[in-house]
Amino acid sequence: SRLLMPLSFLAILGGTCTLIGTSTNLVVHGLMIEYDLKRMKLFEIGQVGLPYAIVGYLYLTFIGRKLIPDRKELLEQLDDSSREYLVETIVQKGSNLLGKTVESAGLRQLPGLFLIEINRQGNIQAPVSPDAEIQAGDRLVFTGITSRISELESLHGLKPVINAEYSLDIDQKQSRHLCEVVISVNSHLIGKSIRQADFRAVYGAAVVAVHRGDTRIRARIGDIRLRAGDTLLLQTVPHFVRAHQNDPAFYLISYEEMPTIRKRSDSWISLTIFGGMLITMVMGWVPVVLAVSIAAVLMLATRVIAPGTAHQSIEWQVLVTIGAAFGLGVAYERSGAAVALVSLLVESTEALGPLAALAVIYLVGSIMTELITNNATAVLLFPFCIETARLYKVDVMPFFAALILAASASFMTPIGYQTNMMVYGPGGYRFTDFLRVGLPLNLILWLLAIVLIPLIWPF
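Residue numbering for the sequence shown follows this note's numbering, beginning at 1 and increasing consecutively.
No wet-lab data here; the hints were simulated from the structure.
There's no promise every hint is true.
Unchecked claim - When the alpha-carbon atoms are kept at most 25 Å apart in a straight line, the in silico DSS-like pairs for lysine-lysine are as follows: (1) Lys66 x Lys393; (2) Lys100 x Lys159; (3) Lys93 x Lys41; (4) Lys93 x Lys393.
Unchecked claim - Distance ranges between label pairs, derived from CB positions: (5) Ile444 x Ala243: 25 to 31 Å; (6) Arg195 x Lys100: 18 to 24 Å; (7) Ser193 x Leu439: 41 to 47 Å.
Quick reminder that beta carbons are idealized off the backbone N, C-alpha and C, glycines included.
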């Protein structure tokens, strides 16, 4: 918890240093191109983004770290207190469960408990198939409301192991394939119960525990309805990470699986292509979009990346957002909404000039990005930047720079930026933790932006 929030914030700040640092930058730049405005250079936004990131780093190092709570991640909590999460039982000789499948034995309908593992003489079966046959000596591991262990005593020949030790040394972790995932903001799993999500059939995984913020949900696993930001501790099949590392339903946070070994030549090829892309961007030989497209084609042509992996990595929502923004901008212009609202802004700040309007746009953008996505904020405020510059008869670039920085400045809530959502559950944070650390940072960066932006891009 002392590292994850600063890591998320620094990732956000680092993204403001280059044109391709975040999708927000690309959304704004795409709109600038559509409106036939001046194109941004690769490191142009870095003139304010770099000081912005340095100040943020200093704040987190000397002030912010003192405000961050010290809490354990979910895998550590399981390691320290597995009895609060799990119940282990052993199948006795002569049990009437012998020879039956998990389904026919009624082990899938236990109130408050869910079978996640069968340990047969050290051979671990997880997740458990409904057709798995029960044998004498099998150790069955259940999760859920562990206080309802008495439910197991009604099953003849199934004896709870009082001093069971669910080992989590490195060998056991790798054989069990434990994995933490965080439900993403746009996941199709949101609103579904874990039973409806059917993790065993769809993902080959069993849900061991669910955390919401810093609190474990103590309810029947199957009945828990998922929300964005929920952290799930999964026991998975081998190669789960490889199969679902780009799944839009959740973010992979931590896992016990050996990484894929790649050829050394692939590293050199990818670095060469990436370096060539940066050089062409910096020198201005080709437009940014063309440079990136050529690099992507070369990655595929040299087989550094598989077509399927490339397809999974595309953020379709960003593309849809940019496309929808064009229509939204036209609607603003034709309806007169943008002109009316900006006229009100100009009238209220006329005595202070465009600097006050710049401060207001940044402030509104930083608040909006805490409530909706950063890309949506950029799309909604882009037309207002254009109209503000037109009514003041000044250059529009200072307002675009403020918009880019403000839309990325999501530090006060976990829902405004995907990296915040990724660390929210694993760090065991509460909503107020982000507000306590992020509010001072937002105010500092707001003041810094309205001082630096006019110096770099004069009105």
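If I claimed the Cβ atoms of Ser193 and Leu439 lie 41 to 47 Å apart, would that claim hold in this structure?
Check failed, 35 Å falls outside 41 to 47 Å.
Are the Cα atoms of Lys100 and Lys159 separated by 25 Å or less?
17 Å, holds
CB of Arg195 to CB of Lys100, is that within 18 to 24 Å?
Once the Cβ atoms are compared, 22 Å apart, the range 18 to 24 Å for Lys100 and Arg195 holds.
Agreement of Lys93 and Lys393 with the hint, judged by alpha carbon distance not exceeding 25 Å
Measuring from Cα to Cα gives roughly 88 Å; hence the hint is violated.
Given the hint that Lys66 pairs with Lys393, test it: the Cα-Cα distance must not exceed 25 Å.
Distance ~45 Å between Lys66 and Lys393 Cα, so the pair is violated.
With a cut-off of 25 Å on the C-alpha distance, tell me whether Lys93 and Lys41 pass.
Given pair Lys93, Lys41 is violated - Cα atoms ~74 Å apart, limit 25 Å.
Holds or violated: the 25 to 31 Å window for the beta-carbon distance between Ile444 and Ala243?
At 42 Å between Cβs, range violated.
Of the numbered hints given earlier, the model fails hints 1, 3, 4, 5, 7; all others are met.
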